[in-house]
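Trainee: Sequence:
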Amino acid sequence: MGWSWSTEGFQTGAAKSEEFLDVAIDAQGRLYLAGYENGDVGTERFDPSGDSRGVLWRLGAGASDGSRSFDLPGTTESLDALTFHPVTGALYFAGRTTGAFDRAHGASADFTHLGQQDVFAGSEQDGVLYQGGSIRPQHPNRIAFDAQGALIVSGFDDYYVPSGTTYVERWDDPFFIKLERPTEGLTLNERWFRSFDTSALDRLGGLAVDTRSDSSIYVTGNAENGSTRGSFVRKIDPGTGEPGPLWRQSAISMDSMQAAHFREDGNLLIAGSTFGVMGPRSSGGQDVVVRLLNMDPEKGAIGEPLWTKQYGSPGADFVTDMAVDAQGNIIVVGETLDSVLEQDPTANKGSYDVFMMKLDVNGDRLDVKQWGSAGDDHPNAVAVDACGEIFIAGYTTGTLLSSSAQEGERDAFLITTARRRE
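Going by the numbering used here, the letters in the sequence shown line up with residues 1 to 422, in that order.
Hints in this document: simulated from the structure, not taken from any laboratory. Take these hints with a grain of salt, some might be off.
Taking lysine-lysine and the DSSO-like style, the derived pairs with C-alpha atoms no more than 27 angstroms apart in a straight line are [as the list claims (entries may be wrong)]:
#: 1; residue 1: Lys-369; residue 2: Lys-358
#: 2; residue 1: Lys-16; residue 2: Lys-349
#: 3; residue 1: Lys-349; residue 2: Lys-299
#: 4; residue 1: Lys-369; residue 2: Lys-349
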């Protein structure tokens, strides 16, 4: 994969599909991208499929560019989520595989494949340190460290069709894993692995860990049916992994909370999308929602909204990720079928376009941008550096950036507000 930067980022691909699934920036300003290449999409139940390989890319800021592949012969791998250790600054990752990692392929041990699609996790320095799961296919999408240095992985079990059958035995369910690294040895040990295991179709979107107090875990997501239908926030017991209190954010089955972040004041910021009215007003079809929840029992009920902002176009706008900069400004990204630019109602270039909204600490809009091609443009993740520059990673099925041409079915892209990184 080659890089051809313009002032707005780059788009890259090959004959098959490539995708950036996460982006992270370390304290030295190095940029990391996680995803896959050489993947097939739209041919199996889950994307990617085929002989895709998970890849970690490193770019710029005083260190040589490079990449590391996670690839087993004849199986499907992708790298889905990134985070940094709060003390050492080491980069950790989580991904998925249809095979079994071993010492010959960058793992610290010879692991056993447990189901249709397993979770694997590790560090840039040490490689794969864990592989686990169940008979169901796991799809990790968030990772974070707690105050004790344990790694929390969250995501959802994709719907389960037993091998050799054609019926769906179980629909999507959230899962979360707590992994602990021993004082000595190259491994991540599983403290617990939990799933909601409900009859409803529900997925996790966001993960936030309260590192200021008891390392409480909060997840956000969507339940499409059942008594808790709609978007939700749920607390997970850090000691046992058992689901705790649930704060329902809406009762609309298509609503979802996709991202969560603890602010410096200890309150919980969440972002997602709604077809209803959760803020002052609706803009049309599906809107962006950003909400601040109280986490201080001395200032009110836990989980009570302190404020809610709702923005959008007349059409459908779906949030995929959120980041917060050093000044507390909120950056929300997603995809739109319309135009989120009030001054340009015809800005949409085709199907789904990428949008970015920058809000201040009170949720009021500071800036809005939109990028698009004639194809589908999907942002998976956003990160912001120490200077406040924004980096958005995802995939496109068109020509998204003016300096690039579409190469594969899906091309990976990185959009940035920064100048070219040297």
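Trainee: With reference to the structure, classify each hint as holding or not holding.
Mentor: Tested hints:
For the proposed pair Lys-369 and Lys-358, the alpha carbon gap of about 9 angstroms is at most 27 angstroms, so the pair holds. Using a Cα cut-off of 27 angstroms, the hinted pair Lys-16 and Lys-349 holds, with the two alpha carbons roughly 24 angstroms apart. This hinted pair does not check out: Lys-349 and Lys-299 have alpha carbons roughly 46 angstroms apart, beyond 27 angstroms. Between Lys-369 and Lys-349 the CA atoms are separated by roughly 13 angstroms; this keeps the pair inside 27 angstroms, and the hint holds.
Checked against the numbered hints given earlier, the structure breaks only hint 3 and satisfies all the rest.
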